[in-house]
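**Student:** Chain by chain, the residues:
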Amino acid sequence: MNYLQYLKTETFPLFWCGGCGNGVVLGSLVRTFEALGYTKEDTVVVTGIGCWGKADDYLTTNAFHGTHGRALPFATGIKLANDALHVVVLMGDGDGVTIGGNHFIHAARRNIDLTAIVVNNYNYGMTGGQYSATTPENSVTSTSRYGHVEQEFDICRLAEAAGAPFVARTSSDDPLSLQRLMREGMTKKGFALIEVISPCPTNFGRSNGMRTPVEMLQWTKERSISFARAKEMPPAELEGRVIMGKMVDLVREDYYTKYLRVIQSAQAGKEGA
Amino acid sequence: MAGKTIFAMGNEAITEGALAAGARFYAGYPITPSSEIAELSSRRLPELGGIYIQMEDELASIAAIIGASAAGVKAYTATSGPGFSLMQENLGVAIMGEVPCVIINVMRSGPSTGLATKPAQGDVMQARWGTHGDHAIIALSPSSVQECYDFTILAFNLAEKYRTPVLLLSDEIVGHMREGYLPSEPSAAQLISRKEPQGDPAAYRLYDFSQEADGIAPLAKYGGKYVYRINGSGHDEIGAPTANPAVTDRFVRHLSEKIELNRAEIVQTRSFAMEDADIAIVSYGCSVRSGKAAMMAAREKGIRVGLLQLVTLWPFAEQEILELSRQVKGIVVPEMNLGQVRGEVQRLCPKDLPVIGVNRVDSLMITSAEILQAILEVGR
Ligand SMILES: Cc1ncc(C[n+]2csc(CCOP(=O)(O)OP(=O)(O)O)c2C)c(N)n1
Ligand code: SF4
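Sequences listed follow chains A and B, in order.
Read left to right, the first sequence gives residues 1 to 273 (our numbering).
Read left to right, the second sequence gives residues 274 to 653 (our numbering).
Simulated from the structure, these hints should not be mistaken for lab results.
Treat the hints loosely; a few may be bogus.
Restraint ranges, calculated between C-beta atoms of paired labels, are given here [what the hints assert, rightly or not]:
| # | chain 1 | residue 1 | chain 2 | residue 2 | range |
| --- | --- | --- | --- | --- | --- |
| 1 | A | Gly18 | B | Glu591 | 53 to 59 Å |
| 2 | B | His405 | A | Glu10 | 30 to 36 Å |
| 3 | B | Ala462 | A | Glu34 | 43 to 49 Å |
| 4 | B | Glu591 | A | Tyr146 | 55 to 61 Å |
| 5 | A | Thr9 | B | Asp522 | 25 to 31 Å |
| 6 | A | Val149 | B | Asp522 | 43 to 49 Å |
| 7 | B | Glu591 | A | Pro175 | 58 to 64 Å |
| 8 | A | Asp83 | B | Glu591 | 44 to 50 Å |
| 9 | A | Glu10 | B | Asp487 | 28 to 34 Å |
Ideal Cβ placement from N, Cα and C applies to all residues, glycine included.
Generate coordinates for the entire structure from the input sequences, incorporating the hints supplied.
**Tutor:** Laid out in structure tokens, this is it:
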């Protein structure tokens, strides 16, 4: 299938603002579907609520659009009910790690075999740019006009600590690495997290003196550092930097594969460890 | 197993009922007094090749069963008040997305954490209106271990038929009580599964009920040849988002009408000694048991009392109550709350017909003596 066939082009133009990174991430997603030979029938895209959560408006695959923050538990049920499905979960930083933070760590810990793509634009784009759990300290949002006082989450470290076997971060201005990581993440058996740093010029950018998408991308570039280089640097020097690349890639048996042994034991009438 | 009486707890019978109905997926978060359902499900489901998963909370639990059902597996969860409160938002997803599933609430004393191990029947109105927005709901209430089994099967059948979540409102007394019950082991013909689409996959519209004689659109299973998009947001016939007022109006009304217009088929009551009764007890769940004892005691005194058991709490048995109100000179409504069902009964009765509540919220079961006293008051 050609990547365009995964898109409901008749619903274009996209709802997203000019300069928003979401379009690039969506483009990479459908190109990855094409590269992996996914079909509309065997793929379910589960979305949260937010600007990025509207991505399934434009997709021709199966989809499930539920509630803000709960995409991962919906996806957990879908995947466990039919392991043959490719389940891809699209969430914003609000969805994925703020209101949905608890589900995020537990889906990673359980190692549900799905791919979570969290678009991190450092704020709640959809509702007018309020701060989220990934809003950098001191930055200005529509609910932190005097500078944000909370320390932000590092989504990748959170996923790693929770046990995700595949963790990577890239930026929406690097679609080639995005597609490569999506491909690797989706072929990974187990919970794969891909965090995509993405500009929200309309809200986060405007509140923080970056009026154009270019300025936002520039800001991301300046803060970025590759995982390979970061490994060589003392933690103090990494303060305020955003590490890019694949950080975790392990073999870890996924939930369903393990549960098949539970079924075997139960059917053999064997209880206990 | 069929044909042999089993001595078991209500919660166990619920679990066996779910399995007999064909459920093969459970997601939940343990909470007293429902936990036996989780424990037994965790043992029994894998025996049948099904899946048990303990989620991080009840928001996730109901989300997981909705996901599993969207993928084609009959799914259920069980909880009690605090967990039921957490489920309200995603209950709306099952309603709006029209995804069948069964949610068991073994009611306990509230509000809040309340008395965690003690019974109550305080979630009747929450069951009706707990999730936001206009909608209808189906809720059943068992009063015995046998009914736990039977009504759970009925709950799945109604959920699949009407493409809707169905609530089973049990309570701590019924849940933990042990009685003999007969597992009927329903045949395939007695079990309802969702209507699946037929024909050209390109023409499948998962929310289009306009072509259906029963008013319920067919629901496919992810992974087959039909591609579809479940949507909890305002959507059109294919699940695409829309804010079009006419479409919104059509779908919001549909969510109520698909249940309200089928009341005659959904609503069930059970009558006991109503033929000659001039006083009626209207009750449900554990309070039916005290009600029956009071009815017997009254009959011994020569008072003609009957009992109408509400099997379905929602949709409310309006027709049955209307008829009842023409027959009797008074109605007594015992329930372990401050009158949630009494208000519904009252609203259907003429103003001058006494409708007396017998209510307890102290976690103690209503006694037959208390009900009898109310009967005597009406009879006076
Ligand atoms: C339970 C609930 N609370 C609040 C909202 C309102 N809301 C909708 S989207 C959103 C934030 C979206 O931010 P994010 O997930 O980061 O996605 P973005 O819009 O930035 O892509 C909020 C707060 C909601 N829909 N549901
Ligand atoms: S508000 Fe921000 S995140 Fe939302 S579409 Fe606009 S730029 Fe993108």
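**Student:** With reference to the structure, classify each hint as holding or not holding.
**Tutor:** Going down the list of hints, with the structure as the test:
1. A/Gly18 x B/Glu591: 53 to 59 Å: holds (55 Å)
2. B/His405 x A/Glu10: 30 to 36 Å: For B/His405 and A/Glu10 the Cβ distance comes to about 32 Å; the hint holds.
3. B/Ala462 x A/Glu34: 43 to 49 Å: holds (45 Å)
4. B/Glu591 x A/Tyr146: 55 to 61 Å: Roughly 57 Å apart at Cβ, these two residues keep to the hinted range, so it holds.
5. A/Thr9 x B/Asp522: 25 to 31 Å: holds (29 Å)
6. A/Val149 x B/Asp522: 43 to 49 Å: holds (45 Å)
7. B/Glu591 x A/Pro175: 58 to 64 Å: holds (60 Å)
8. A/Asp83 x B/Glu591: 44 to 50 Å: Check passed, 45 Å falls within 44 to 50 Å.
9. A/Glu10 x B/Asp487: 28 to 34 Å: With a Cβ separation near 31 Å, A/Glu10 and B/Asp487 satisfy 28 to 34 Å, so the hint holds.
The structure meets every hint from the earlier list without exception.
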